[in-house]
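**Student:** Letter by letter, the chains look like this.
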Amino acid sequence: SQTIHQWPATLVQPVGSPLSLECTVEGTSNPNLYWYRQAAGRGLQLLFYSVGIGQISSEVPQNLSASRPQDRQFILSSKKLLLSDSGFYLCAWSSGGNIQYFGAGTRLSVL
Amino acid sequence: EDKVVQSPLSLVVHEGDTVTLNCSYEVTNFRSLLWYKQEKKAPTFLFMLTSSGIEKKSGRLSSILDKKELFSILNITATQTGDSAVYLCAGTLLNAGNNRKLIWGLGTSLAVNP
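Note that the protein sequences, when read in sequence, are chains A and B.
Every letter in the first sequence is one number past the one before it in the working numbering, and letter 49, counting from 1, is 53.
Every letter in the second sequence is one number past the one before it in the working numbering, and letter 87, counting from 1, is 1376.
No lab work stands behind these hints: they were computed from the structure.
You can take every hint at face value.
Below, simulated SDA-like cross-link-like pairs (lysine to any residue); rule was C-alpha separation at most 25 Å, straight line:
1. 1330(B) - 113(A)
2. 1326(B) - 26(A)
3. 1330(B) - 43(A)
4. 1330(B) - 30(A)
5. 1326(B) - 1395(B)
6. 1346(B) - 6(A)
7. 1326(B) - 101(A)
8. 1326(B) - 1307(B)
9. 1326(B) - 51(A)
10. 1329(B) - 28(A)
11. 1357(B) - 101(A)
12. 1292(B) - 103(A)
13. 1329(B) - 49(A)
14. 1330(B) - 7(A)
15. 1330(B) - 108(A)
As the structure is a computational prediction, the values presented were derived from the model and not from experiment.
Can you make the complete structure from the sequences, with help from the hints?
**Tutor:** In structure tokens:
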């Protein structure tokens, strides 16, 4: 069966520091991968999605970037974090169909 | 602009009550309506609806889609404290690149009191 791993679970970072969040999927090949951010108001905002290695689509211009160095690995990065980058970050995968399956999420606090 | 609107935003009930959560959508190139349950962490998938009038059921939860009126409802009967969560609704669209994208509502926060 397919599983998705996301780490770390929580992260506290100072303003201006770099960020790297990693997500990996097991049990499937060539998944579509997604990064979302969920702010305190609960809404899920799509940040990036990828349909293949090296293929990244950005939904919202911002301080973050994403990369997909391997088929089942998706990385969210920032060179310098802002206070506004705080939030709950979720990675998800799909087989290309309608349903997306989510990782456990990373709660990021930028202080 | 594509959007999904859920109501109510929050709801408090007693154990044993029946609740109905609403989701209306305006999504171009609509493909499906999804319901998720989110407790402290990741949203977990509940239902996918693609056809009008066909009820999907899982235990005490059920859901139905009306593609003419562009809405869906999620019913929970005989609620339990374990049903306390945020329930998220999302519409799936097919974008210009032939990829599926989810348009999310803000969710309904359900609290079930003993």
